[in-house]
Amino acid sequence: MTQEGALRVEPVDGPRDLEQFIRLPWAVYAHDPSWVPPLLAERRQLLSQQNPYCAHARWQGWVARRRAKPVGRISAQIDRLYLEHHEADVGFFGMLDASEDPEAFAALLNAAETWLREQGMRRVHGPFNLSINQEAGLLIEGFHTPPMIGMAHNHRYYGHHIEAQGYVKAKDLLAYWLGLGYETPKTVRKMLDRLSRRITHRSLRRGAFDEDVELVREIFNDAWSRNWGFVPFTREEFHELGRSYKLLITNDFVQIVELDGEPAAMMVSLPNLNEVIRDLDGRLLPHGWLKLLWRLKVRFPRTARVALMGVRRRYHGSPLGIALAFTAIEASRKAAVKLGVREAELSWILEDNQGMRSIIESLGGIAYKRYRVYEKALA
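Note that the sequence shown covers residues 0 to 378 in numbering that gives the first Met the number 0.
Each hint should be verified, as a subset may be incorrect.
Said to hold, decoys possible - Below are the PhoX-like pairs computed for lysine-lysine, each with C-alpha atoms no more than 20 Å apart in a straight line:
id	residue 1	residue 2
1	375	189
2	375	337
3	375	168
4	245	296
5	189	245
6	245	185
7	185	375
8	170	375
What the hints assert, rightly or not - Across the chosen pairs, the derived CB separations fall in these ranges:
id	residue 1	residue 2	range
9	352	213	20 to 28 Å
10	4	316	18 to 26 Å
11	139	210	35 to 43 Å
12	15	188	55 to 63 Å
13	245	25	27 to 35 Å
14	164	4	20 to 28 Å
15	206	361	49 to 57 Å
16	164	289	43 to 51 Å
17	19	316	47 to 55 Å
18	353	117	56 to 64 Å
FYI, nobody ran anything at the bench for these hints, they're computed from the structure. Ideal Cβ positions, reconstructed from N, Cα and C, are used throughout, including at glycine.
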């Protein structure tokens, strides 16, 4: 597609540039029926230096312009925790959005790569907005439905333009769709009955909110510690996440599973806020917050997303591990159905996590969206 006017890619420098960076997707996705405008307040917090992520990472953004009109954006990130955990000089790109303009994609990716190379990075992975613990991957299958809360969305042409710059697949992440009216397999019911004296579950305790949030973080970091791309949640990051969702989730949407009285697994589900925020156009003020809370009370979303799930690593690959996972799923399903939720997305799941995929598929789950993480050597 031929574009008119010289292209300039300039770093984000100051509040005005940052606001333009944040608002650029409104132009890129103006005619995409599946796009859900993110909440502006949430985007500003994500990209603020007050974001706890910035305590262990740094990022730089760029905006591409033609005739002073923004046509694209990108970020580059370096995460100290990733470097320490993986002992690899890998940086990241993210926040990539642009009109269908090959020159803009090439220039934006080049800006991010140059910055990472100057910081000593030898390889780049992405997209991540901004971390693997936030929005991860580029949508390559499943464009027909809007994204769930906390999941990325992009135009179909993005992948072509990224690959044209020498990027190749590093890993695919899957989103599963699961109807909550499924019949639990008989073998699973027998197993859970047999272990019912040893395996119990409970909901989040509001009176011990911080304690339970910390427990969920600790289980997650242990369960995921050997997964591809893993970066541990810091206490500050996870508790900030907990505070941001405190008013929006019920206690039963957080399930902690115990084995012989010891916490061994957890699952965190989120009501799909994207169902109820689309018409807010990103704005919570002056009346958006009231609309959001009213809708959650009166017209609870009919879909939910299982955003976090983990079984302590020592139970991985064992019958107990399978039982712990099924217990978390069953408890979360009952809580969701009670509130009128009919379908759920479980995301994301690593494509090679056959254990988790088998559990979900045994319940009738279907992999309906695929997100790709790309990589490229920085010569």
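Do the hints match the structure? See the list:
1. 375 with 189: At roughly 48 Å apart (the allowed maximum being 20 Å), residue 189 and residue 375 break the hint.
2. 375 with 337: violated, 46 Å
3. 375 with 168: At roughly 9 Å apart (the allowed maximum being 20 Å), residue 168 and residue 375 satisfy the hint.
4. 245 with 296: Distance of about 14 Å is within 20 Å: holds.
5. 189 with 245: Violated, at about 35 Å.
6. 245 with 185: violated, 36 Å
7. 185 with 375: violated, 46 Å
8. 170 with 375: Distance ~12 Å between residue 170 and residue 375 Cα, so the pair holds.
9. 352 with 213: 20 to 28 Å: holds, 25 Å
10. 4 with 316: 18 to 26 Å: Given about 57 Å between the Cβ atoms, the range is violated.
11. 139 with 210: 35 to 43 Å: holds, 40 Å
12. 15 with 188: 55 to 63 Å: With a Cβ separation near 59 Å, residue 15 and residue 188 satisfy 55 to 63 Å, so the hint holds.
13. 245 with 25: 27 to 35 Å: Holds, at about 28 Å.
14. 164 with 4: 20 to 28 Å: holds, 22 Å
15. 206 with 361: 49 to 57 Å: Cβ of residue 206 to Cβ of residue 361: about 36 Å, so the range 49 to 57 Å is violated.
16. 164 with 289: 43 to 51 Å: For residue 164 and residue 289 the Cβ distance comes to about 45 Å; the hint holds.
17. 19 with 316: 47 to 55 Å: holds, 49 Å
18. 353 with 117: 56 to 64 Å: Cβ of residue 353 to Cβ of residue 117: about 40 Å, so the range 56 to 64 Å is violated.
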